[in-house]
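> Chains as they are written, first to last, in our numbering: chain B, 1 to 477; chain P, 478 to 954.
In short, the hints are calculated from the structure, not lab data. Warning: the hint list may mix true and false statements.
If we take Cβ atoms under 7 Å as the criterion, some of the chain P residues that face chain B in the derived model are [said to hold, decoys possible]: (1) Thr479; (2) Gly490; (3) Arg511; (4) Tyr537; (5) Leu546; (6) Ala646; (7) Leu668; (8) Ala764; (9) Thr811.
Below, a list of computed lysine-lysine pairs in the BS3-like style, where the Cα atoms sit at most 25 Å apart [to be verified]: (10) B:Lys205 - P:Lys787; (11) B:Lys87 - P:Lys946; (12) P:Lys787 - B:Lys209; (13) P:Lys483 - B:Lys384; (14) P:Lys489 - B:Lys91; (15) P:Lys946 - B:Lys332; (16) P:Lys834 - B:Lys332; (17) B:Lys120 - P:Lys489; (18) P:Lys633 - B:Lys355; (19) B:Lys209 - P:Lys625; (20) P:Lys512 - B:Lys384; (21) B:Lys69 - P:Lys760; (22) B:Lys86 - P:Lys778; (23) B:Lys318 - B:Lys188; (24) B:Lys355 - P:Lys946; (25) P:Lys535 - B:Lys120; (26) P:Lys633 - B:Lys384; (27) P:Lys774 - P:Lys787; (28) B:Lys209 - P:Lys633; (29) P:Lys672 - P:Lys633; (30) B:Lys384 - P:Lys953; (31) P:Lys953 - B:Lys322; (32) B:Lys80 - P:Lys556; (33) B:Lys318 - P:Lys954; (34) B:Lys449 - P:Lys633; (35) P:Lys556 - B:Lys120; (36) B:Lys337 - P:Lys928; (37) P:Lys489 - B:Lys94.
These stretches of chain P come out as covered by chain B in the derived footprint (C-beta under 8 Å, 3 or more residues) [as the list claims (entries may be wrong)]: (38) 743-750; (39) 893-899.
Idealized CB from N, CA, C, for every residue including glycine.
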Amino acid sequence: MAVSDQKSEKSKKSNVKNWNTLENVFERAMLKGVKKMHRYVPHTEEEIQEMLREIGINSIDDLFLDVPKTIDGYNIPEGKDEFTVKKAVEKLAKMNIEFDPENVFLGAGIYYHYIPSAVKHLASNPNFLTAYTPYQAEVSQGTLQMLFEFQTMMCELTGMQVSNSSMYDGASAFAESLLMAMRINGKKKMLVARTINAEYRTVAKTYTKPSGIEVEEINYDRSGRIDIQELTAKIDGNTSAVAVAYPNFFGIVEDLRALREVIPQDVVFIVVAEPVSLAMLEAPGKFGADIVVGEGQALGVTPNLGGPGIGFFTTLEKHVRKMPGRIIGQTKDVDGKTGYVMILQTREQHIRREKATSNICSNQAYIALINAIYLSLMGPQGLKEVAWRSYNNAHYLAKELENRKFDRLFDGEFFNEFTIKVPVNYRDKWHEMVKDGILGPIPIDRVYKELGPSALVCTTEVNTKESIQRLIEVMSK
Amino acid sequence: MTIFEKSVKNRKGYELPLYELPDTGCNLPEHLMRKEAPALPEVSEVDVVRHYTELAHKNYSVDRGFYPLGSCTMKYNPKVNEDMAALFSNLHPFQPRETIQGAVNLMGHLKELLCEITGTDDMTLQPAAGAHGELTGLLIARAYFEDKGELDKRRKVIVPDSAHGTNPASASMAGFDVVEIKSGSDGCVNLEELKAHLDDTVAVIMLTNPNTLGLFERDILKISQMAHEVGAVLYYDGANLNAIMGRTRPGDMGFDIVHLNLHKTFSTPHGMGGPGSGPIGVKAHLAQFLPTPVLRKSDDKYDLDYNLPKSIGMVRSFYGNFGVMVKAYTYILTMGNSGLKHVSEMAVLNANYLRKKLSSKYKIAYDRICMHEFVVDNEEFVKKTQVKSLDVAKRLLDYGLHAPTVYFPLIVHEAMMIEPTETESKQSLDTFINAMEKIYNEAIENPEIVKSAPHVTPVRRLDDITATKSPIFRFKK
């Protein structure tokens with residue numbers, strides 16, 4: 001018997017006898033060398049060989065003969081086990097500072113609200129999380145019915161007739177609303193309030209530039225609302241749309257009724273709405289809005305550093321064929337049983353290609369689920385309570401701050417955010433508040449330079465009496 | 478039953494703490510106050526839990542079984558990724574920069590890894606999905622030609638007739654004219670046809686490689702040379718990157734702009750259609766046009782650079798779908814260099830095993846070694862049996878499997894596009910093969926059972942024609 005044979009014979013035996021030895025327990029090799037097997041990739045060596053035989057080739061390399069081999073692997077580290085990877089990511093997470101939501105007074109488009117435990121638990125269901133776009137309706141009724149219900153909820157909040165099943169975020173939803181306005185009336189002049197979140201306006205400019213759309217910004221007046229005189233003067237025969245935020249970036253509630261009165265009927269009226277406020281404020285649909293869009297993060301979604309959130313997009317039935325995004329409708333199956341399907345798909349890219357209303361394909365369906373669960377739990381009463389508490393906290397805080405010489409910048413009525421004058425060194429103070437565990441009102445004078453030192457204060461229902469008191473003390477120091 | 482029909486007046490699914498602050502009154506004008514409550518459901522927490530659990534039960538998902546949707550890369554979504562994303566969920570995008578260092582460095586490191594994987598020099602992580610990335614990439618190309626003073630003449634974007642629908646839709650949104658070129662008889666780009674369209678009016682050529690037939694474009698180096706000779710930009714649609722990891726990189730093949738789908742190749746869950754994440758990598762000459770902010774490394778640390786005067790602007794608010802990035806980052810750390818190569822090898826092995834086994838009954842369009850997916854051509858099968866690809870797809874649902882993508886790519890009539898991914902075992906592939914063979918026999922012996930499928934799903938075939946003709950957009954009492 002040759003030496004090598006003896007060895008292999010010996011190792012075979014030892015494999016049988018000593019399966020449960022230390023030597024086999026510790027996978028030291030894994031850290032140094034190439035992993036042949038992976039817990040996410042199930043193929044054993046025997047199976048690979050068998051499959052290659054079935055295909056009629058000798059090696060894995062034979063599968064890649066068409067591919068120019070420009071590299072031999074990547075210049076990136078080898079993979080690690082779950083325990084080690086977790087430690088690495090946790091180390092990064094610890095470099096961040098998280099704030100207790102009750103000590104957060106920063107909003108500006110992303111809000112901390114209380115999220116009931118059931119939201120996370122229900123949304124974690126893998127049949128939601130790991131499903132694809134509902135292309136096979138018969139095995140996607142959960143997704144389709146959920147989105148149909150989500151659409152209904154968004155219609156209820158906004159007072160509109162149709163909702164799509166989501167856009168990427170509030171900013172891109174707003175950008176797409178301008179493109180849609182152009183499709184509705186063929187005109188290209190957009191009058192956009194300067195009090196719409198700067199991120200949204202920036203994204204809208206990026207999106208609309210290639211279509212030759214002209215975005216003209218309309219200033220605010222002393223109330224903090226859109227300057228209605230300037231707006232009226234600028235509306236002309238080329239005007240496609242007028243867009244305002246409700247409440248606007250300063251927290252001020254725009255008078256939609258007064259606005260619709262000066263906006264001609266053939267000009268598209270776009271409202272960027274904050275959904276929690278809509279439990280308290282009259283629905284934009286009641287004032288004749290044509291398109292209502294916004295960011296849905298406030299409805300049960302954690303802030304996630306700003307994403308994922310969700311853009312909602314609602315309109316009137318007469319405009320629906322110009323609308324971007326996926327829409328779900330109710331129907332019957334061959335047995336007469338109620339079911340749900342994607343409808344009006346000829347607007348979409350997979351059918352209409354370059355003539356589609358938008359290129360959007362993946363959306364934020366999973367976040368729509370979170371919105372729907374949250375709104376189901378809160379109901380009309382719960383959402384109203386959240387809105388009123390957010391409102392009342394803000395108004396209480398505004399008064400207290402005013403007593404301490406933090407004057408408000410505008411006299412218009414606000415919802416849960418308001419702007420104040422602050423000392424010149426406020427930005428330093430804002431950074432220092434971190435030490436007190438407070439995420440304070442954000443300085444806004446980099447975007448609105450003409451305001452001088454100023455900040456945007458936000459409260460929601462999660463701020464407590466104590467946390468508000470503490471903010472007042474820290475601000476007054 | 479919808480959740481609205483389960484609603485009982487005054488039932489509650491929430492509870493808020495006692496409210497401690499004094500009532501500040503309300504000064505909002507009467508006409509801006511909401512009159513009617515939004516008709517959100519009034520249900521208990523138990524009702525909500527049962528409703529959404531029941532809906533989830535009606536869904537198929539990757540966690541339930543095989544999901545061979547071509548071009549969608551429905552691989553397993555590792556659980557640890559979800560836990561890691563949750564560590565970052567409480568961050569506000571406007572927190573002081575020094576308090577989000579972990580998040581910024583995670584994005585920075587992710588960008589570095591993805592630049593290495595794609596062979597590009599710089600990258601934005603901002604786009605929220607693949608199509609969003611396409612739009613971003615095309616806007617970058619647009620800005621590049623505008624900067625060179627060539628935008629007026631470079632009006633065309635060339636896409637093959639086998640391209641994803643998002644390609645022409647994105648090109649059109651970016652203000653270009655779409656030129657579709659016919660594929661050659663081998664299913665790849667026809668060089669003569671391409672040459673006929675190539676001149677200095679072409680801005681961009683968009684390709685996915687491997688293409689949607691699952692074939693690697695063997696002439697890619699020649700195509701890239703031809704594109705660059707006329708000064709055009711070569712764009713890589715990253716939907717099919719799962720085929721080539723560790724062997725070649727889009728940048729090495731000559732692509733100038735590359736998009737990735739983190740929700741495909743890098744295992745983040747599809748969540749019923751989103752959120753995704755569609756980073757865009759670019760070669761150095763295009764870096765100055767990236768959306769802001771760009772992640773920059775200095776002394777082993779990353780920071781955000783907003784100072785890009787020639788930037789296209791922002792395409793989404795804040796940083797993009799950051800939560801999705803954490804999941805993809807965790808995945809890359811887990812798989813590492815050889816792991817990612819192994820992923821592509823096994824994905825391609827699985828596809829070829831399926832192709833070979835299915836070819837005994839079904840005709841394969843372009844039957845040669847394929848990459849990570851392939852296309853079945855059922856045109857003759859339909860003539861013989863009157864059973865369509867759609868029927869086969871629906872019948873698969875009865876067998877407890879998800880259907881492949883059908884009727885795409887458009888250049889194969891009666892197409893079934895099959896992508897197994899690497900996370901499926903041989904046993905799971907054999908189950909699918911077995912079902913496909915049974916359905917083939919049924920189509921011959923008892924076609925009615927296939928044509929009227931599915932039979933055992935939560936609903937049967939749905940009337941989507943009426944659903945679009947007389948649409949029901951929302952629940953109404």
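> Going by Cβ atoms only, is P:Leu668 closer than 7 Å to chain B?
Violated. Min distance 15 Å.
> Against chain B, is P:Gly490 within 7 Å by beta-carbon distance?
holds (4 Å)
> Given the hinted pair P:Lys633 and B:Lys384, is their Cα-Cα distance within 25 Å?
Violated, because 52 Å separates the two Cα atoms, which is more than 25 Å.
> Regarding the hint that P:Thr811 lies at the interface with chain B, is the smallest CB-CB distance below 7 Å?
Holds, because the Cβ-Cβ distance from P:Thr811 to chain B comes to roughly 5 Å (cut-off 7 Å).
> Need the status of pair B:Lys87, P:Lys946: alpha-carbon distance at most 25 Å?
Measuring from Cα to Cα gives roughly 55 Å; hence the hint is violated.
> Starting from P:Lys953, check that the Cα of B:Lys322 is at most 25 Å away, please.
Roughly 23 Å between the alpha carbons, so the hint for P:Lys953 and B:Lys322 holds.
> Given the hinted pair P:Lys512 and B:Lys384, is their Cα-Cα distance within 25 Å?
holds (12 Å)
> Holds or violated: the hint that P:Ala646 contacts chain B, with Cβ atoms closer than 7 Å.
holds (4 Å)
> Hinted pair, alpha-carbon criterion (25 Å max): B:Lys86, P:Lys778. Please report holds or violated.
holds (20 Å)
> Check whether the Cα positions of P:Lys556 and B:Lys120 lie no farther apart than 25 Å.
holds (15 Å)
> Decide if the proposed pair is consistent with the structure: B:Lys384 and P:Lys953, CA atoms, cutoff 25 Å inclusive.
Holds, at about 22 Å.
> Quick one, are P:Lys774 and P:Lys787 close enough, alpha carbons at most 25 Å?
holds (20 Å)
When the structure is compared with the earlier hints, violations turn up for hints 7, 8, 11, 14, 16, 26, 34, 37 and 39 and for no others.
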